[in-house]
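A.B. asks: Sequence:
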Amino acid sequence: MAKKQIAARLSGDDYQARFFWYLATQLLFVDSNIESIHLEFDEATHVDDVAVFYKPPDKSDRGFQSEADFYQVKYHVDQRDAYTADNMIDPSFINSPSKSLLQHFFEAYNNLKKKYSQFTLNLVSNWIWKGDDGLATSIRDSGALPDNFFTASERTYLGQIRKRWVEHLHTDNETFQDFGRRLRFELNYFGNAALNDALSDRLIRAGLRPLDPGLIISPYDDLARKFIQNNKTIFDKDSLMTECRHEGLVQSNPVHRSEKTIGVRSFMRFAENIGIETDGFVCVSDQFDGRHARFDSSWIQATLSIKEFIESNLHELSSTEHKILLDCHSSLALLAGYLITSRAPVYPAGPRPELQFYKPTMLKFRHENNPWKVQLIPINDDAPNLAVAISVTHQVNRHVLEYINQVRNDVNNLLLLEPLAGTGSSSVTDANQALTMSHSLTQIVRKHQNNHQRTLLFISAPNFLSYFIGQQCHALGNLTLFEYDFDGPEPRTYCESISIPISQTS
1 MAKKQIAARL SGDDYQARFF WYLATQLLFV DSNIESIHLE FDEATHVDDV AVFYKPPDKS
61 DRGFQSEADF YQVKYHVDQR DAYTADNMID PSFINSPSKS LLQHFFEAYN NLKKKYSQFT
121 LNLVSNWIWK GDDGLATSIR DSGALPDNFF TASERTYLGQ IRKRWVEHLH TDNETFQDFG
181 RRLRFELNYF GNAALNDALS DRLIRAGLRP LDPGLIISPY DDLARKFIQN NKTIFDKDSL
241 MTECRHEGLV QSNPVHRSEK TIGVRSFMRF AENIGIETDG FVCVSDQFDG RHARFDSSWI
301 QATLSIKEFI ESNLHELSST EHKILLDCHS SLALLAGYLI TSRAPVYPAG PRPELQFYKP
361 TMLKFRHENN PWKVQLIPIN DDAPNLAVAI SVTHQVNRHV LEYINQVRND VNNLLLLEPL
421 AGTGSSSVTD ANQALTMSHS LTQIVRKHQN NHQRTLLFIS APNFLSYFIG QQCHALGNLT
481 LFEYDFDGPE PRTYCESISI PISQTS
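Per the numbering used here, the sequence shown starts with residue 1, numbered consecutively.
To be clear, the hints were calculated from the coordinates, so they are not data collected in a lab.
Some hints here could point you the wrong way.
Said to hold, decoys possible - Straight-line distance between alpha carbons at most 25 Å, and here's what the computed BS3-like set of lysine-lysine pairs gives:
no.: 1; residue 1: K307; residue 2: K74
no.: 2; residue 1: K113; residue 2: K99
no.: 3; residue 1: K226; residue 2: K74
no.: 4; residue 1: K113; residue 2: K130
no.: 5; residue 1: K99; residue 2: K55
no.: 6; residue 1: K232; residue 2: K115
no.: 7; residue 1: K55; residue 2: K115
no.: 8; residue 1: K55; residue 2: K260
no.: 9; residue 1: K114; residue 2: K130
no.: 10; residue 1: K163; residue 2: K115
no.: 11; residue 1: K237; residue 2: K307
no.: 12; residue 1: K237; residue 2: K55
no.: 13; residue 1: K115; residue 2: K99
no.: 14; residue 1: K163; residue 2: K237
no.: 15; residue 1: K307; residue 2: K260
no.: 16; residue 1: K260; residue 2: K359
no.: 17; residue 1: K307; residue 2: K115
no.: 18; residue 1: K226; residue 2: K237
no.: 19; residue 1: K55; residue 2: K307
no.: 20; residue 1: K74; residue 2: K130
no.: 21; residue 1: K74; residue 2: K113
no.: 22; residue 1: K260; residue 2: K237
no.: 23; residue 1: K130; residue 2: K99
no.: 24; residue 1: K307; residue 2: K373
no.: 25; residue 1: K99; residue 2: K163
no.: 26; residue 1: K55; residue 2: K130
What the hints assert, rightly or not - The following label-pair restraints were derived from C-beta to C-beta distances:
no.: 27; residue 1: T45; residue 2: C495; range: 51 to 57 Å
no.: 28; residue 1: S503; residue 2: N405; range: 25 to 31 Å
no.: 29; residue 1: Q443; residue 2: D236; range: 54 to 60 Å
no.: 30; residue 1: Q406; residue 2: R164; range: 20 to 26 Å
no.: 31; residue 1: S312; residue 2: R446; range: 29 to 35 Å
no.: 32; residue 1: S258; residue 2: A194; range: 23 to 29 Å
As the structure is a prediction and not an experimental result, all values here were calculated from the model.
For every residue, glycine included, the Cβ atom is placed at its ideal position computed from N, Cα and C.
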C-alpha cells in the first residue's frame, strides 16, 4: 500500500510539474503577454499550484481583463471516481475532515479578492465529469459555468445545484455570482501522452529542448521539484531563461512565428492564449455563452466586428502570407474565408492542439475530381429556397431534415453532401483535399440552385474546410448560414447565424 501511495504522489508531482512548464514556456515566447509565473503561490491557498500574472492591458485567454489565473492541479493514478456537482460540496471526496473542494476554492477567492480584482480560479484534473451529472454537459469550452447556471429557476436542475452550492458556502447570491463566474473546470485535461506532446511543442517554440520520448525521467520534472525545495518559485522571462541555461535546457533562441498570424475567436479554450499565438486577433466571445448566442443581436454584432477587423487588415493580408487561427463557430470560419477571399494568401490552421497549417500546394483545381456523395430530397414544391446539409465531421442529415420539417416552410429541396470516404474526424486529410472539396461543393450547389431565391447552409466540418468553402461562396449568391446550438437552453436544434451578403441588420 505504501508503494502505491508513494507512486501516486510522485505521479501527481510530475503532472503538476509538466503543467507548470506548459504554462511557463509562454514566458519565453516572442511578444509574450505574461509578466510572471509562480509555482506554489502561497497567497492563493488551496488554488496555489501555479499562478500566471499578465502584463496590462493585454488579455489572458478568458472573457475579461485578467490580472492573474490561479490553478489547482489534481492528478489521479486511475479513473475509479469522477467529479459531480455533489462531489464538489462533499469533503469526503477529497479526503478532508471538514471542508469540500468548493469551500477550498471559495476560501481562496475571499483571500485573493483583498488584493486582486480580476482573476480566475482553475481546477485541472485528469479525472472526468461523471457522464450522467447534469453539470457535465453545461461546462463551456473555457471551463466556465454557463450563464443560465446563475439565472435558472431553482425549480430547474441547474437552479437546484446553484441553490445547494450557495447554501453550502453560507454566502449570498451576489457574492456567489462573482465567485462562480471566476471558476474554470478543466477535467479530463490531456492524458500524460497528450500533455507531453503539447508541452514538447511549446518547449521547442520557447527555444528549449523538447521531452525525450525514449526516457522515463524528464529534467523538467526534477527542475520543478528543485525550484520548490529551494524556494525559487517566482519567475519572469529573464530569470526563467537563466535557470534553463544553467540546466543546459536551452537549444536555440525562441522561435519566431514563421508566418504572420491573425485569429478569430468566438469562444474560449482552457489554458490557451491566442494573444501570444497571433500578431492580431478579433474576439467576439462576449456575444456568446459557450457556443450559444447571448443576445438577439449577437450574430449581427459578431459578424460586423469580424468584418471590420478583416477589412482594416485586408491590405496587409493581401500582400503578405498569413496564417489564420479559427477558435470560433463554423459560421464565423466561413465568414472569414468569404471576407478574405482566395485572392489573399491567408491559410487556415487547425484544429487544436496540433494547429496544422493548411496551405494548398495544388495550382489548379481539377474538375473531374468530385469528392462528394450527392442526394437531393424534395421538400415543398411551392417553397423558394434550397437547403444544403454538409456532413463532414458528423452526420447531420437527420437533424437538418427534422429541423426543416418542424420549423421551416421555405425549403423547396434539401441537398445532402457527404465525402466519398465517409463522415468522420479524418475525412479531410490535407489542404489540397479541402480546396478540392470546397471548389466541387460550390459547383454542385450552383447546379441545384436553379431559380431558388436563397441557399440555406448547414455545415458540420472542421473550421479549416469551412474557411475554404467561404472563399468560394461569392459564386452562390444569397446565403443563410445555420449553427447547431449545442449550448442553448432549448433542446438542441439549429439557429440562423449569418446572412450573406452582409448588411447592418443581416
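A.B. asks: Which of the listed hints are not met by the structure?
C.D. replies: 1, 4, 5, 9, 10, 11, 14, 17, 19, 24, 26, 27 and 30
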